[in-house]
Amino acid sequence: MLKSTLQIYEGSDISKYKQLIAFLKKQNEGYEPKKSKVLTFEQIMKFLNDTSNESYLFMKVALIFALNGAIRGEEFRLLTLNDIEDNESVIIVTLRNAKTKKRVFTMTSEANGIELYPKYRKLRPQNTGHSRFFVCYRNGKWTVQPMGINTFYKLLNI
Numbered sequence: 001m002l003k004s005t006l007q008i009y010e011g012s013d014i015s016k017y018k019q020l021i022a023f024l025k026k027q028n029e030g031y032e033p034k035k036s037k038v039l040t041f042e043q044i045m046k047f048l049n050d051t052s053n054e055s056y057l058f059m060k061v062a063l064i065f066a067l068n069g070a071i072r073g074e075e076f077r078l079l080t081l082n083d084i085e086d087n088e089s090v091i092i093v094t095l096r097n098a099k100t101k102k103r104v105f106t107m108t109s110e111a112n113g114i115e116l117y118p119k120y121r122k123l124r125p126q127n128t129g130h131s132r133f134f135v136c137y138r139n140g141k142w143t144v145q146p147m148g149i150n151t152f153y154k155l156l157n158i
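Numbering (full-length UniProt numbering), first residue to last: 1 to 158.
These are calculated hints, taken from the structure and not from any lab test. We put the CB at the ideal spot given by N, CA and C, even for glycine. A few of these clues could be false.
Said to hold, decoys possible - Cross-link-like lysine to aspartate or glutamate pairs, in silico, EDC-like; alpha carbons within 16 Å at most:
1. Lys-122 - Glu-74
2. Lys-99 - Asp-86
3. Lys-101 - Asp-83
4. Lys-122 - Asp-86
5. Lys-122 - Glu-85
6. Lys-119 - Asp-86
7. Lys-16 - Glu-54
8. Lys-101 - Glu-74
9. Lys-154 - Glu-74
10. Lys-99 - Glu-74
11. Lys-141 - Asp-13
12. Lys-119 - Glu-54
13. Lys-119 - Glu-88
14. Lys-122 - Glu-88
15. Lys-102 - Asp-83
Unchecked claim - Restraint-style ranges between C-beta atoms, simulated for each label pair:
16. Glu-42 - Arg-103: 47 to 53 Å
17. Arg-103 - Gln-145: 23 to 29 Å
18. Asn-87 - Thr-40: 28 to 34 Å
Modelling step: build the complete structure from the supplied sequences, incorporating the hints.
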């Protein structure tokens, strides 16, 4: 990475400097990259089944959407009520503001935790003044404020 950065911005090729290459390799000894923690299916099911809906309904619904549609944090934030079409047994989600192109995914009634979506939508305040799907829930009360990007990124890092 250092080599390509210097090549692009400075126009110099450091591969000619053998001592520098040896020094950088020596500095890299013992470095181990941090491994990401991955949830198992059992852990996900335990979270969906054992935690209370009063405190964790938002997290559960976000987890279901993430598992079914591989949604990025920014796409969570931009998800609107118009992007979600509920047909009783099938929920069709259209990501219009996706990073690369428009994406569509479906969640069927066989999917685990799908019954939480109607609960969230029913509890979500109607008169928010915006159409964003996820709104803040703090201290046992719903607010009209849309959920911010940092809340989703914190959720992804738990």
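Verification of the hints:
1. Lys-122 - Glu-74: violated, 24 Å
2. Lys-99 - Asp-86: violated, 24 Å
3. Lys-101 - Asp-83: holds, 14 Å
4. Lys-122 - Asp-86: holds, 12 Å
5. Lys-122 - Glu-85: Distance of about 14 Å is within 16 Å: holds.
6. Lys-119 - Asp-86: holds, 13 Å
7. Lys-16 - Glu-54: violated, 62 Å
8. Lys-101 - Glu-74: This hinted pair holds, its Cα atoms lying about 14 Å apart.
9. Lys-154 - Glu-74: holds, 12 Å
10. Lys-99 - Glu-74: holds, 8 Å
11. Lys-141 - Asp-13: Status violated; Cα separation ~59 Å.
12. Lys-119 - Glu-54: At roughly 11 Å apart (the allowed maximum being 16 Å), Glu-54 and Lys-119 satisfy the hint.
13. Lys-119 - Glu-88: Given that 16 Å is the threshold and the Cα spacing comes to 13 Å, the pair holds.
14. Lys-122 - Glu-88: OK: Lys-122 and Glu-88 at ~14 Å, within 16 Å.
15. Lys-102 - Asp-83: It holds: about 11 Å lies between the C-alpha atoms, which stays within 16 Å.
16. Glu-42 - Arg-103: 47 to 53 Å: violated, 28 Å
17. Arg-103 - Gln-145: 23 to 29 Å: holds, 26 Å
18. Asn-87 - Thr-40: 28 to 34 Å: holds, 31 Å
When the structure is compared with the earlier hints, violations turn up for hints 1, 2, 7, 11, 16 and for no others.
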